[in-house]
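Asks: Sequence:
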Amino acid sequence: MVKFQCSIAINLVLLQCLLALVASQRFDFFYFVQQWPGSYCNTKQPCCYPTPAKPAADFGIHGLKPYYNNGSYPSNCDPNSPFNPSKISDLESSMQKNWPSLACPSNNGQAFWSHEWEKHGTCSKSVLDEHAYFKAALELKQKANLLQALKSAGITPGGSYSLKSIKHAITEAGGYTPWIECNKDSSGNYQLYQIYLCVDTSASKLIKCPVFPKGPCSSEIKFPSF
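Per our numbering: the sequence shown = residues 1 to 226.
Be aware that one or more of the hints could be misleading.
Result set (EDC-like, lysine to aspartate or glutamate): computed pairs, CA atoms no more than 16 Å apart in a straight line [said to hold, decoys possible]:
hint	residue 1	residue 2
1	LYS97	ASP129
2	LYS167	GLU220
3	LYS97	ASP58
4	LYS164	GLU220
5	LYS125	ASP200
6	LYS87	GLU118
7	LYS151	GLU172
8	LYS119	ASP129
9	LYS125	ASP28
10	LYS119	ASP58
11	LYS167	ASP185
Calculated from the structure, these hints are not laboratory results. The model shown is predicted, which means the values in this text are computed figures rather than measured ones.
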């Protein structure tokens, strides 16, 4: 009887591991999401600059998120793989520059990175371990230089622009149509908040988005200064 109970317990553990592995393997693409800090900080909600320093006036990484072609996504796939900052110690200075947290109170970003790894990164760890996951996101940011793409089209912080022109500028530079997420400033005006690009399951190259998220915006939006 004891052996039988042990066998059941072992099989249950193996099944849980198998389910976690399957969950971590089954996704169709990534959304690579970058955020404009000026639009995060001028809403009715407060923002706080990171403890190292105020970020540069550039898009910052929000996340690299596995998704399914139907628009749903896996999350928190492996509770046995918590964020370990020592695994990305060589990336930390680049992370602070390119993936800063603007949440209050001021912090060094590790809580933000931990959330992104545990909620999203663990669902892709069959192809990307923790270090590879963050390294891939940093490399994608350099590949998709959004601020430069917009500036090349005459779209600079401090003005208002058509949503169509913003999408066109990014498509011309990167080859693929982005999705633009808007939020509202403290006066209720729609503004450029986050830009979504789609990436293949190896997180190495941009692809055509199988599906776009949904959310309100307007035909003319602000691109606030920071």
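Asks: Each hint: holds or not?
Replies: How the hints compare with the structure:
1. With a CA separation close to 22 Å, the supplied pair LYS97 and ASP129 exceeds the 16 Å bound.
2. As the CA atoms of LYS167 and GLU220 are separated by approximately 12 Å, the hinted pair is consistent with the 16 Å bound.
3. Note on LYS97 and ASP58: the hinted pairing holds, with a Cα-Cα distance of about 10 Å set against a maximum of 16 Å.
4. Our distance criterion of 16 Å between C-alpha atoms is met by LYS164 and GLU220, whose separation comes to about 8 Å.
5. As the CA atoms of LYS125 and ASP200 are separated by approximately 14 Å, the hinted pair is consistent with the 16 Å bound.
6. For the proposed pair LYS87 and GLU118, the alpha carbon gap of about 14 Å is at most 16 Å, so the pair holds.
7. Under the criterion of a C-alpha separation no larger than 16 Å, the hint pairing LYS151 with GLU172 is consistent with the structure, at around 12 Å.
8. As the CA atoms of LYS119 and ASP129 are separated by approximately 14 Å, the hinted pair is consistent with the 16 Å bound.
9. The suggested pairing of LYS125 with ASP28 holds, with an alpha-carbon distance near 14 Å, which does not exceed 16 Å.
10. For the suggested pair LYS119 and ASP58, the alpha carbons sit about 25 Å apart, so the restraint of at most 16 Å is broken.
11. A threshold of 16 Å between alpha carbons decides the hint, and for LYS167 with ASP185 the separation of about 20 Å lies outside it, so the pair is violated.
Hint compliance for this structure: hints 1, 10 and 11 are not met, and every other hint is.
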